[in-house]
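Novice: The primary structure of each chain is shown beneath.
2 protein chains.
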Amino acid sequence: MQLLKDRIQKDGIVMEGNVLKVDSFLNHQMDITLFNELGKEFHRRFADCGVNKLLTIEASGIGISCITAQYFRVPVVFAKKMKTKNIVGDVYHSRVASYTHGKDYEIFVSKRFLGAGDRVLILDDFLANGEALQGLISLCRQAGAEVVGAGICIEKAFQPGGDIIRSQGIRVESLARIKSMSAESGVEFC
Amino acid sequence: MQLLKDRIQKDGIVMEGNVLKVDSFLNHQMDITLFNELGKEFHRRFADCGVNKLLTIEASGIGISCITAQYFRVPVVFAKKMKTKNIVGDVYHSRVASYTHGKDYEIFVSKRFLGAGDRVLILDDFLANGEALQGLISLCRQAGAEVVGAGICIEKAFQPGGDIIRSQGIRVESLARIKSMSAESGVEFC
Numbered sequence: 001m002q003l004l005k006d007r008i009q010k011d012g013i014v015m016e017g018n019v020l021k022v023d024s025f026l027n028h029q030m031d032i033t034l035f036n037e038l039g040k041e042f043h044r045r046f047a048d049c050g051v052n053k054l055l056t057i058e059a060s061g062i063g064i065s066c067i068t069a070q071y072f073r074v075p076v077v078f079a080k081k082m083k084t085k086n087i088v089g090d091v092y093h094s095r096v097a098s099y100t101h102g103k104d105y106e107i108f109v110s111k112r113f114l115g116a117g118d119r120v121l122i123l124d125d126f127l128a129n130g131e132a133l134q135g136l137i138s139l140c141r142q143a144g145a146e147v148v149g150a151g152i153c154i155e156k157a158f159q160p161g162g163d164i165i166r167s168q169g170i171r172v173e174s175l176a177r178i179k180s181m182s183a184e185s186g187v188e189f190c
Numbered sequence: 191m192q193l194l195k196d197r198i199q200k201d202g203i204v205m206e207g208n209v210l211k212v213d214s215f216l217n218h219q220m221d222i223t224l225f226n227e228l229g230k231e232f233h234r235r236f237a238d239c240g241v242n243k244l245l246t247i248e249a250s251g252i253g254i255s256c257i258t259a260q261y262f263r264v265p266v267v268f269a270k271k272m273k274t275k276n277i278v279g280d281v282y283h284s285r286v287a288s289y290t291h292g293k294d295y296e297i298f299v300s301k302r303f304l305g306a307g308d309r310v311l312i313l314d315d316f317l318a319n320g321e322a323l324q325g326l327i328s329l330c331r332q333a334g335a336e337v338v339g340a341g342i343c344i345e346k347a348f349q350p351g352g353d354i355i356r357s358q359g360i361r362v363e364s365l366a367r368i369k370s371m372s373a374e375s376g377v378e379f380c
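Residue numbers (the working numbering), protein chains in the order written: chain F, 1 to 190; chain P, 191 to 380.
It is worth saying that the hints were derived from the structure and are not from the lab.
Take the hints with a grain of salt, since some may be wrong.
[Unchecked claim] EDC-like mimics (lysine to aspartate or glutamate), calculated; alpha carbons at most 16 Å apart, straight line:
#, chain 1, residue 1, chain 2, residue 2
1, F, Lys111, P, Asp213
2, F, Lys81, P, Glu378
3, F, Lys10, F, Asp23
4, P, Lys293, P, Glu321
5, P, Lys271, F, Glu58
6, F, Lys103, F, Glu131
7, F, Lys21, F, Asp6
8, F, Lys21, P, Asp280
9, P, Lys211, F, Asp23
10, P, Lys211, P, Glu321
11, F, Lys10, F, Glu41
12, F, Lys21, F, Glu184
13, F, Lys111, F, Asp90
14, P, Lys301, F, Asp23
15, P, Lys200, P, Asp221
16, F, Lys111, F, Asp163
17, F, Lys5, F, Glu131
18, P, Lys195, P, Glu378
[Stated by the list, open to error] Selected chain F positions facing chain P (in silico; Cβ < 8 Å):
#, residue
19, Val19
20, Leu20
21, His28
22, Gln29
23, Asp31
24, Cys66
25, Val77
26, Gly102
27, Glu106
28, Ser110
29, Ala157
Every residue, glycine too, gets a C-beta built ideally from N, C-alpha and C.
Using the sequences and the hints, build the whole thing.
Specialist: Here it is in structure tokens:
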């Protein structure tokens, strides 16, 4: 999606350690006008999939999911992160290995909000190693819900997450796929 | 706001320890149609205040803020929570005492996204003891930004937060103010 690529080129900052800082418009300060265009595009790509629920993970997936939900006219459920091992209540939960933050964490969703018969579109801001997405897919499988696909704002295509998820037969649509990036030469898209 | 009060009566669950569970529509599963009505109402109440930025805190304030931002046509900034004491980078930060979770945490906002000249409307899903709101106000003061007010979905008026914040001269608009609640007799609004 050219609009997002242009915005990344304009306002994204490549940091050391394969970090792309897009906090001025995507995941700290949020440009809602841009979000609406991203939401329309997710809807265009998944409009005929019978989606009845959007699933994301706190915190930075929530904004884009809420705006996108307006085009699908469905509710959003966000998986919560739990730092402790004390998962209580009637929930589906999954362990997420985080390379980025260096430690694992648990995510969970109440069983009341995900179940058999649900046709779920998973949304997130980034896809890199795919750990969070893998965890969300696991929640859906536990619930007997069908994952119709994953909509990603920015995929770091030079990291393995996208390939791993696609090889499981999950449709992944990324609005901007980064082929390579560095502080010196900037961002190159696929 | 009657629509929200009705929804709380219909789908809210009063738990022990003064907990009101509204996770089926507000802060786990999110009803975006409802959020749009809440957003319109926040805009109606603060339309003439020259708001140029919405400020909230992760995670459950993000959804309502993004939807509301569409009516104000301004960006959203969300303060991040940091569990460690290692706040790095060029940020404003504030310590939040949490009675609910039993331990303090730090919140921060990049200095790039909050500054003098900003006219900030703070939004959040709940106001009870007011710790989080107090922290957000502190971030704005550090930045030299003006807080035009706080928009709250559900205020537990039997807890002291609302009074404390209002006594500082901050305009607080809560869409549903709970006078009392209990598992036996349910929710009574002000």
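Novice: Against this structure, judge whether each hint is valid.
Specialist: Hint check:
no. : hint                   : in the structure
1   : F/Lys111 with P/Asp213 : 12 Å, holds
2   : F/Lys81 with P/Glu378  : 32 Å, violated
3   : F/Lys10 with F/Asp23   : 13 Å, holds
4   : P/Lys293 with P/Glu321 : 12 Å, holds
5   : P/Lys271 with F/Glu58  : 12 Å, holds
6   : F/Lys103 with F/Glu131 : 12 Å, holds
7   : F/Lys21 with F/Asp6    : 14 Å, holds
8   : F/Lys21 with P/Asp280  : 14 Å, holds
9   : P/Lys211 with F/Asp23  : 31 Å, violated
10  : P/Lys211 with P/Glu321 : 19 Å, violated
11  : F/Lys10 with F/Glu41   : 20 Å, violated
12  : F/Lys21 with F/Glu184  : 15 Å, holds
13  : F/Lys111 with F/Asp90  : 6 Å, holds
14  : P/Lys301 with F/Asp23  : 12 Å, holds
15  : P/Lys200 with P/Asp221 : 14 Å, holds
16  : F/Lys111 with F/Asp163 : 29 Å, violated
17  : F/Lys5 with F/Glu131   : 24 Å, violated
18  : P/Lys195 with P/Glu378 : 9 Å, holds
19  : Val19                  : 12 Å, violated
20  : Leu20                  : 16 Å, violated
21  : His28                  : 6 Å, holds
22  : Gln29                  : 4 Å, holds
23  : Asp31                  : 6 Å, holds
24  : Cys66                  : 4 Å, holds
25  : Val77                  : 5 Å, holds
26  : Gly102                 : 12 Å, violated
27  : Glu106                 : 15 Å, violated
28  : Ser110                 : 6 Å, holds
29  : Ala157                 : 27 Å, violated
The structure does not agree with the numbered hints 2, 9, 10, 11, 16, 17, 19, 20, 26, 27, 29 stated previously, though it agrees with the rest.
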